[in-house]
Amino acid sequence: MSKRKTKRHWKSLEERNANPDVLKVLGDEFPPGGPRQFRRRDFLKAAGFTMGVAVTTGCTRAPIQRAVPLLSQPEEIVPGRFLYYASTCGGCNAGCGVLAKVRDGRPIKLEGNPEHPISRGGLCATGQASILGLYDAERLQHPLKDGKSSTWADVDREITADLETIRAERGAVRFLSGTINSPTTLAGIQEFLKGFQNSRHVVYDALSNSALLDAHEKTHGVRALPRFHFDKAEVIVSFDADFLGTWISPVEYTADYRAARNLETKHVSYHVQFEPRLSVTGSKADQRFAVASGELGLLLSHLAERVAHKEDSPFASSQMDAAPVKEAFLDELAERLRQARGRSLVVCGVNDVRQQILCNYINHLLGNYGTTLVLEKPSLQSQGSDRELETLLDELRKGEIKALFVYGVNPSFELPGGESLERDLQKVPLLVSFAQRLDETASLARYVLPEPHYLESWSDHESISGVASISQPLLHRLGETRSVAETISAWRGSPKPGYELIRETWRNNLFTRQKKERDFETFWERTLHDGFAEIETDAIGGKPFSIQSVQPIWRAERPEANSFSLVLYPKVGMLDGRNAYNPWLHELPDPITKVTWDNYVSIAPKAAARFGISDGDVVRVDTNAGVAVELPAYIQPGQHEQTLAIALGYGSKLSARFAKVGPQWIDALVSVGDKGVVGVNAVLLLRFGNGILEYTTTNVKLTRTDKQRELACTQTHNTLSVPKKLQPKGSGPRPVLQETTLAAYLKDPHSGVEDHEEKEDLWPTDHPYRGPRWGMIIDQNACTGCSSCVIACQVENNIPVVGRDEIRRNREMHWLRIDRYYSETDSGQIEVAYEPLMCQQCENAPCETVCPVLATVHSEDGLNQQVYNRCIGTRYCANNCPYKARRFNWFNYAHDDQLQNLVLNPDVAVRSRGVMEKCTFCVQRIQEAKIEAKRRGEKVSDAAVQTACQQSCPSQAIYFGDLNDPQSQVSKMMANPRRYRVLGELNVRPAVGYLTVVRNRPEEATKGSKEEHHG
Amino acid sequence: MAEAVVALRPPLIEGNKSIAQVTHDVCAPMEARPTPLWWAALLASFSLLVLGAAAIGYQITVGVGTWGLNRTVGWAFDITNFVFWIGIGHAGTLISAILFLFRQRWRTSVNRAAEAMTIFAVMCAGIFPVIHTGRPWFAYWMFPYPNTRGSLWVNFRSPLVWDFFAISTYLTVSAMFWFIGLLPDLATIRDRATARWRRKLAGFLSLGWNGSYRAWQRYEVVYLMLAGLGTPLVISVHTIVSWDFATAVLPGWHATIFPPYFVAGAIFSGMAMVLTLMIIARKLMRLEEYITLRHIDRMCKLVIATSGIVGLAYGTEFFTALYSGSSYEQFVFLNRALGPLFWGYWTMVGCNVFVPQLLWFRRVRAYIPAVFVMCLLVNVGMWFERFIIIVTSLSRDFIPANWFHYAPTRIEVATLMGTFGLFFTLFLLFCRFVPVIAVAEVKGVLKYGKPRSEATHE
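Same order as they appear, the protein sequences are chains A and B.
Note that the numbering used here gives residue 604 to position 604 of the first sequence, counting from 1, and the numbers run on in steps of one.
Note that the numbering used here gives residue 10024 to position 24 of the second sequence, counting from 1, and the numbers run on in steps of one.
In case anyone wonders, no lab produced these hints; they're calculated from the structure.
If you anchor each label on the Cβ, the simulated ranges turn out as follows:
1) B:Leu10322 / A:Glu938: 53 to 59 Å
2) B:Gly10350 / A:Glu758: 40 to 46 Å
3) B:Trp10153 / A:Glu264: 46 to 52 Å
What the simulated footprint calls covered on chain B by chain A, stretch by stretch (three residues with Cβ under 8 Å from a Cβ of chain A suffice, anywhere in the stretch; the number is not a length):
4) 10063-10069
5) 10132-10145
Every residue gets a Cβ at the ideal spot worked out from N, C-alpha and C, and that includes glycine.
Kindly produce the complete structure, drawing on both the sequences and the hints.
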C-alpha cells in the first residue's frame, strides 16, 4: 500500500498552528492524563460484576406469586401504623376497659384504658395474655353436634324443635352461667327463659364470693357485692382476701391501694393481713400473720369484740377461745381502726357466711359503709350463688332437668363432682355448651355452640354499677361462631347480628339513663370512642344493719396434731382454670413461688422438716372424705405451719396440647405431668355443703411417696443473704434490694439507701447524649409482684414460650423478671420484697466491651442496643452482665402455628437460635415516637413513649422517660432520696433506678437480723 | 586401645549410640508394620473421635441448648475444654522454643513429640471457639476481614478477638516451627525409604533437603528465629486466654493474678501431658535410651516448679479476696471451697498442689508408674481448675436470684471425649508416620558430656 500522505484536517487555527506534541495528544483518543485507561479487561470485570449483582439481587428468597394492591385504600388505615380501639377485657369478670392496638387489621396488643374507672390504664397478666386466645387454633370453628361439625342452620333447627317439645311438656330448663354483667346478654337470657314455665338462670362463680353476697343479704337486706375503695382507706385489714392478686377486681384494687400509699404526700395506709398461705396481698402487707384457716373466724370475732367495745356496741364474747395473735397487737389494731373511723376497710376473702357477717359488722361499726365500702352502687363483678348451684346439682342428680345451657363455666372441671357429676350432666337430654374450646363440660354436651372471643364480637358490660362498657370486634370473626345473645335471638325467631342487639339495648335501656348526650348516635360514637359511658343507676335500697344476723365465732377449727388444714386457692394468671389453654400464663412464674407449668402442695418449712420433705418430693394429701391427690411439694416460707395449700385451675384437658411445647431434642422432657395435662386438678378437694362452696378442709393427712417431680422454678435462691456457712465475716444481706420502714423514712428520706456516688471519670465521656436520654425508675414500694409487666413484655416483644423442661434448666426467655426475696423480722414474721429486673441499659456496659463482633453497642440516646443479625452467640455478654438480664436463644423455638403468629408484633424481630436478646426499653415504641415527632418537626417528648411494662402496670410502679429533660417525671424520680441503683458500686452506670421499699412499721430497724434458712 | 568411657556429665542419650543407630532406632518402627496395640489404640481413639463429631454435629444442627448451659452459666464445658487444651499446648512450645534458647540440650529427645502434641492440642482447642457460638456458621465474623458493610470491624476491645489472633498465631507459628524442624528428618526418611509412595511423599515434604552446609546453616538460623518467635507466645497466648476472664466484672474472674497464674498452669498441665505421652511412647516404641530417666527427672522438676507457682497463685487469689473487703469476692472463695462444687475445688487443689509435692523426692521422680499416675491426676486437676473458675463464678454471682447450678448433658461429655479422641488419633498417627524423636537434633547431642578428645564412632 502506498504511503500516501492523507489530507490533514484541522478543527481550529490553534490546532493548525499547534505544536506537534499537542497534535499528538489531540490525536490520542485516550490521553494518559485524562480519564483512566479503560482496558478491555476492566470492561469485562465491570460487566461481569454487574451481571453477578443483577442475578443475585434478582433472586429473592420466596417467589412472589400474587401481589394484588388495594384498589381503594381503607380510610384511616396506614400500613405500619397502629390504631387504638376501646374495648373491654374478657379475661375475668372484673371488666377492665382496654385499648386494643390494632395493626393491619388485627389486634396484637391490649393496653389498659387510662380513662376507664376500673383499669385506669393498667391491665393484669390474665388480661394481657388473653389476646392469645383469639389466635388459638384449638378454638372451635363450627358448632358441634355429638362431637361432629355441624352448621348453625342445622343446630338451630334441631334445638328449637327440642325446645318446643320441652316447652310443651313443661320440662325444666336451666341456664347455668358464670357472672354475666352484659345487659344485652342478660336481657336476652331472661327473655329466652320467659318462654318456659319451669326455667331458671343459675349463676355461679368457680371462685365463689357467694358467702359475701349472702352475708350482705342478711346484714343489709340486699344480695350485693359492695364496691371497695382502697384508696380511701387509711387502715386496711384483710382476712385472707387476696385483693391485689386474684380477688374480684385486682387491677382496680391495686390502683386504689397504690393511691393510698403515697410517700411524697406522706399519705401511707396501714395494711394488716391475716392469712394461712402467703399470697401476693400478704406479701405487700405491713404486718402479716400466718394463721390457720380455721382460726380466721375466731380472729374476726376478737377484732369485732374490740371494735364493738370501742364503739359501745354489744358483742357476746364471754366464751371465746384465746386469739391466735397477740392480744396487744389486736388491741392496737382496734385502736388504729377506731382512729381511722370511716377511713378504714376490713375485707374477708373466706367463703363462709358467718365470717363475712362479722366482717360486715366491723365495717359497719367503723362507719365504713358509704366511704370505703359502697353498697348503693355495688360491684356486679361477682354475682354467683352457691345455694342455687347446689339446688341445680340436686336437680341434675335427680334427672329432673330437660335442657341445660352452660355458658362461661366449666362445671365438670370446676366443681367437686367427679364422675358422678359427669354422669348427672349426661342425663340431661339437651345439654348445650357455649364454650369456645372443647373443655371437660363441652365434651359431655350434645351440642357445642362456640361463642366468639371477646375481641371479635360485640358485647357490653356493666361491671360496676353506673359504668357501662362496650366490647367491639377488632377483626372479622375467625371461625363461624356466634355470641350467646345472637344465638338466643335466632332461637326466638328474629335472628339479629350482635351489633344490632347491643345497640338496641343501649338505645332502650342505657341511653335513657344518661344526660350528657341528647342524640343516641352521638352517644354511641362517644361510647365507642371512650370504651364506656357513665350512666345513672338507682341506689339499691338497703335496710339498716341487722345486728341480729351477727354470730360470733367462739372456737377455732384447728387440725389435730400431725394433720393439716388444706386451702385451695386460685393462682395469678391461671385463676379458675379458664386460662389453661394459654401457654404464656402457664409459663408465667407464680409471683410468690416462681414455679411454672405446675401446681404443687405448699408446705411450711417446719412442717416439711418434720416430715422430711424437700422441694419436688411427690406427696399425697388425703381428706377425711376419702379423696386424695398426689402432687409435688413446695416449701413455702411464711405459710402457717399446719396448713397445706394447693392451687386450683390445673389439670385441665385444655392443657394436654402442651405436651410437646418447647424445643424437642434427645434429652427434652415433656411439659405435662403423668396424666398428660399440666398440673393436677385439685377440685375434688373442694367441698360443697350447706349451700356454700368450701375452699378449706381440715384434718387432711400428708404422706410422702417415693416419687419425685422437679418443679420448674425460675428462682432457686430466695433471700438476699448467702447460705450461712458460706457467709464472709461481717457481711450481711446483699444490698441488691434496699428497703426501710416508714418511721425511719420520715426521719430521714435517705434511710435504707446504700447508693454509691458515681465516680469521676478519667476519660472523656464516650456518650454525649445530645438528644433525649432514656431512663427508668421502678418504685418497689408500688410493685406488688403481679407480673402483668412480664406478660406485657412478652406480647410486645414476641418472646417465645420455651416449655417446662427449658424453665427447669433455667432458660426462661422473659426479658423482664421479678425477683422475689424473703426476709425475716425479729419477731419471726416473713417479709417479701419484689425487684423487677430487666436490662439496665448501662452506660459503662460490661456487655458492650466484650462482644467480639460488636453485636451490642450503645446508642446515642442511652440504650444498650442488641443487633440480632450480627450476634454470633458467644454468650460472653451474658456472662459479663452482673444483672444476668440477657436471654439466649438456645434453640429455634417453634413458630409453626401460623394462626398464633398473627399475634406477633411486626415491629419487633423474631430471633433465630444462637442469638442473644434482652430488654430494649421497647425501642420500637421509642422509634415510633421519634418518627412521629420528626414528621411533625418537633422534639420527641418523653410522654409520647411508654414502654409495654410501664403501660401495663396496674400500680404504675414504672416510670420511663427522658433523663435529659429536667421536667420529666423520671428525672424528678431520679432525684428522689429513695432512689438507689442495683449494683451501682460496679460503676456500670445503669439507666434504671429503684426506689426503696418502705414498710409502714414503727420500728426504725431497716432489716431483720435473722436470716431465713430456706433456699 | 582400651577405651575408657570418660563422662564429664551423664550422657543425654544412653547406650553409647552411634549416629546410624539413632537413625535406625527412630525410623525403623515407622517403616515396619504397625503393632496390634497401635491398631487397638487407634480404633479406640477414632471411635471417641467419631462420637465427638456426632455430638458436635447434633449440637450445631439443633442448638446450643443441647448442652447443659443456662442463662446464668453461659460457659462451662466448652470454655473449660478450650482453655484446657490450649494450656496443654504450652509445654510443647516451652520445650521447643524456650528450652532451645536456654540451651537445654536434653530437650532434643522430647521436643518433636511435645511440639506435635502442641499442634494437636491447639487443634482440639480451636474447635471450641467455633462451636460454642450460637451461630457457628458466622464464627468468621470474629476476624476483621475486608467487607463492604461500611467496613464493619470487630470489637478490638474484646478478649475473644484477641483470642482469635493469639490462637491463630500460635497454631501458625507452632506448625511452622515443627515443620521446619522436621525437614532433616523427613529427608532421612526419604533417603531410607524403599516404598515408592513413602519416598515420593517424604521427598515432597522435605522440600528438597540436601544436607548441604548451606541448608544446615539456613536451617539453624530459621530455627533460632522461630524459637525467638515462639518464646513470647508461651507467655502471651495463655495470658490472652486468661484475659477472657480477668477483664470481666465477675467476682472470681476479675483478678490481676490471672495471666501469670494461667501461664504457669498451662505449662504445668502441658508438662504433665508430655510426661504422660512420653512415658507410654518410650515404653511401647522402645525409646528408653533416648527418653531417659534423666529427661523425666528434668520434666518433673518443671512440673513441680509450675505446681508451686500455681499453688502460690491460688493463695494470691484467696489473699486478694480477703484483703479486698469485697464480700462478693470473699464469698466466691468460700463458695468454691465449701459450696456445692466443693468436691471439684478440692480435686483441683489436691491434684495440683498436694499430689505434685511428692516430686520433691528423687526416688519418686525415678519411679515411672508414680510419675505417670501423678501426671494423669495433674491433668484432671487442671481440667477441674478451669471448670471451677468458670462455673462457680458464673453460677453464684452478684444477685442471689440469678443463682443456678450447672450440670453437663450427654452431648457435652461426648464432645469432650471426642476431643480426646481427636488428640490421641492424631498423636497415634504422628507416632506412626513421623519420627517421634528429632533425629537430627539428637545426633547433635550425642557428644554431650563426653570429652572433646574422644573420637566419634561411626
